[in-house]
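There are 2 protein chains.
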Amino acid sequence: MTPPLILVSNDDGYHSEGIRVLADALGSLGEVWVVAPDRENSAVSHALTLSRPLRLTQLAERGFAVDGTPTDCVTLGVGQVLKGRTPDLVVSGINFGANMGDDVHYSGTVSAAFEAVILGVPAIAVSQVIWSEFSYAFAGRFARLIATRVLGRGLPPGVLLNVNIPPSRPKGVRFTRLGKRTYGEGVVEDTDPRGRKCYWIGGGDPVWEDIPGTDYAAVGAGYTSITPLQLDMTDRDQLLLLDSEVAAWDLEGS
Amino acid sequence: MTPPLILVSNDDGYHSEGIRVLADALGSLGEVWVVAPDRENSAVSHALTLSRPLRLTQLAERGFAVDGTPTDCVTLGVGQVLKGRTPDLVVSGINFGANMGDDVHYSGTVSAAFEAVILGVPAIAVSQVIWSEFSYAFAGRFARLIATRVLGRGLPPGVLLNVNIPPSRPKGVRFTRLGKRTYGEGVVEDTDPRGRKCYWIGGGDPVWEDIPGTDYAAVGAGYTSITPLQLDMTDRDQLLLLDSEVAAWDLEGS
Chain A
632 MTPPLILVSN
642 DDGYHSEGIR
652 VLADALGSLG
662 EVWVVAPDRE
672 NSAVSHALTL
682 SRPLRLTQLA
692 ERGFAVDGTP
702 TDCVTLGVGQ
712 VLKGRTPDLV
722 VSGINFGANM
732 GDDVHYSGTV
742 SAAFEAVILG
752 VPAIAVSQVI
762 WSEFSYAFAG
772 RFARLIATRV
782 LGRGLPPGVL
792 LNVNIPPSRP
802 KGVRFTRLGK
812 RTYGEGVVED
822 TDPRGRKCYW
832 IGGGDPVWED
842 IPGTDYAAVG
852 AGYTSITPLQ
862 LDMTDRDQLL
872 LLDSEVAAWD
882 LEGS
Chain B
632 MTPPLILVSN
642 DDGYHSEGIR
652 VLADALGSLG
662 EVWVVAPDRE
672 NSAVSHALTL
682 SRPLRLTQLA
692 ERGFAVDGTP
702 TDCVTLGVGQ
712 VLKGRTPDLV
722 VSGINFGANM
732 GDDVHYSGTV
742 SAAFEAVILG
752 VPAIAVSQVI
762 WSEFSYAFAG
772 RFARLIATRV
782 LGRGLPPGVL
792 LNVNIPPSRP
802 KGVRFTRLGK
812 RTYGEGVVED
822 TDPRGRKCYW
832 IGGGDPVWED
842 IPGTDYAAVG
852 AGYTSITPLQ
862 LDMTDRDQLL
872 LLDSEVAAWD
882 LEGS
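Sequences listed follow chains A and B, in order. The opening position of the first sequence corresponds to residue 632 in the working numbering, with each subsequent residue numbered one higher. The opening position of the second sequence corresponds to residue 632 in the working numbering, with each subsequent residue numbered one higher.
Everything labelled a hint here was simulated from the structure, so no lab data went into it. Do not take every clue at face value.
One copy or any two copies: either way a pair holds, since identical chains are not told apart in the list.
Stated by the list, open to error - Okay, derived cross-link-like pairs now, EDC-like style, lysine to aspartate or glutamate, Cα gap no bigger than 16 Å in a straight line:
| hint | residue 1 | residue 2 |
| --- | --- | --- |
| 1 | Lys802 | Asp669 |
| 2 | Lys714 | Glu662 |
| 3 | Lys802 | Asp821 |
| 4 | Lys811 | Asp841 |
| 5 | Lys811 | Asp863 |
| 6 | Lys714 | Asp669 |
| 7 | Lys802 | Asp836 |
| 8 | Lys828 | Asp698 |
| 9 | Lys811 | Asp734 |
Given only the sequences and the hints, what does the whole structure look like? Please build it.
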């Protein structure tokens with residue numbers, strides 16, 4: 632039996648500690664390739680580079696840096712680096728910081744995993760929550776375990792697992808749904824050295840709603856959180872409702 | 632009664648024709664503000680600019696350009712331009728080109744609308760499908776109608792409407808779910824003028840699966856497609872399944 636083919640990416644960049652820990656942890660499970668951004672790409676979400684060509688720089692036997700986004704990396708990894716061989720698994724991370732709740736929409740880590748799902752490859756995103764002192768040791772070990780399980784059991788098409796590891800030794804594992812956060816202050820006004828106004832996004836600390844069953848609640852209680860996320864964002868319940876209310880919406884004849 | 636407060640944004644940029652048509656079409660519905668990127672931002676997805684401050688340039692009484700992404704524009708629009716007044720509606724578009732199926736993950740147009748939903752504001756994304764000759768006239772008229780309905784009826788929290796207008800006069804309206812597309816060729820190898828290899832993403836034409844009930848099928852048959860999208864990407868069915876299979880996953884003690 633050929634060993635599983637595993638592609639690793641992230642959004643913190645090729646030279647980050649988290650991706651090193653992840654690649655090392657997965658090393659014994661199969662043939663591991665790393666294709667990651669050449670620099671930090673946090674909050675780039677699912678951005679794809681279409682306006683310019685990308686560079687692929689080989690930094691190790693199975694290690695490449697790309698001057699693009701996490702989504703670019705997965706696309707080039709599958710479409711170019713692996714030369715037509717489809718990976719059995721894509722693992723994205725280990726991200727420096729949580730990717731929970733609404734924030735998964737901004738996350739390059741989660742988007743790299745979604746890109747794999749779009750390409751039909753099972754995928755896991757792994758993030759290390761940072762609230763105090765922490766160690767990647769638990770995250771590396773857990774990434775190896777969950778990767779083993781997904782390689783063995785598979786995942787349904789269109790689904791990825793979003794894993795968040797608490798800062799201190801996890802008490803156990805919880806399957807969760809996404810939580811809700813609100814930021815206290817969205818925009819901070821500033822003045823540049825030439826006296827012109829400018830604006831920073833994201834001033835205040837995030838405030839999480841502590842709702843039972845969510846990723847945030849699990850991590851807050853000291854557990855590792857695993858949230859199944861679906862590629863298809865259609866709201867099926869809402870679609871049924873709209874269909875039943877079509878007359879009231881009165882949109883024909885426009 | 633104060634007129635509704637409407638914020639308009641897009642990903643094609645402040646100077647694009649589509650946003651002009653949209654702002655004009657919505658003008659009679661209320662107080663319309665435009666906050667849009669200062670240049671094209673296609674495929675930037677939900678990217679948020681956190682590493683540098685943003686510039687806000689006033690170009691009209693109620694028109695501002697931002698040197699950032701569509702998500703930045705909605706954040707600055709609500710957090711700075713409107714100075715604490717919450718819009719009644721955010722409309723993003725009219726995008727030059729379709730935003731259907733898996734592609735909504737890459738879309739700056741759809742992400743601007745999602746950012747509004749995160750901020751608790753009802754939102755609509757409007758895209759003009761371009762397959763041949765087209766006119767924004769139908770799209771502008773329809774944007775006005777659907778905006779009127781959403782202002783009147785509201786939308787549940789966490790939901791946006793993703794509208795795609797066919798290239799020729801629409802036969803009517805269909806409520807749809809997201810379709811599936813596959814690209815024929817993902818990566819195109821190229822050589823720069825100095826002889827170095829580089830790689831373009833997205834060579835081949837997209838191939839759509841013509842599945843009944845999807846956005847693509849509706850537009851393909853000549854109808855305007857409206858897909859309700861949900862902010863919460865949790866796969867609830869998969870979550871129930873995982874909870875029922877927790878013993879088989881055997882993830883404790885890690």
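message: With identical chains, the pair Lys714 and Asp669 could be close in the same copy or across copies; at 16 Å between alpha carbons, which is it: within, between, both, or neither?
response: Classified as neither: same-chain Cα gap 21 Å, cross-chain 38 Å, threshold 16 Å.
task: Have a look at Lys714 and Glu662 and pick one of within, between, both or neither, based on CA distance no larger than 16 Å.
output: within (14 Å within a copy, 54 Å between copies)
query: Can you tell me if Lys828 and Asp698 fall within 16 Å by alpha carbon in one copy, between copies, both or neither?
result: between (31 Å within a copy, 13 Å between copies)
task: First find the shortest C-alpha distance between Lys802 and Asp821 inside one copy, then the shortest across copies, and answer within, between, both or neither for a cut-off of 16 Å.
output: Intra 43 Å, inter 51 Å, cutoff 16 Å: neither.
query: Are the CA atoms of Lys811 and Asp734 at most 16 Å apart within a copy, between copies, both, or neither?
result: The answer is within: 9 Å in one copy meets 16 Å, while 25 Å across copies does not.
Copy assignment of Lys802 with Asp836, given that the CA separation must stay at most 16 Å: neither (26 Å within a copy, 49 Å between copies)
- prompt: Quick one: Lys811 to Asp841, C-alpha cut-off 16 Å, is that within a copy, between copies, both, or neither?
  reply: Result: close within a single copy only, 8 Å intra versus 35 Å inter.
message: Reference check for the pair Lys802 and Asp669, CA-CA at most 16 Å: within, between, both, or neither?
response: So Lys802 and Asp669 fail the 16 Å test inside a copy (35 Å) and across (48 Å) alike.
- prompt: Which holds for Lys811 with Asp863 at a C-alpha limit of 16 Å: within a copy, between copies, both or neither?
  reply: between (20 Å within a copy, 9 Å between copies)
Figure legend: structure checked against the earlier numbered hints; hints not met, in rising order: 1, 3, 6 and 7.
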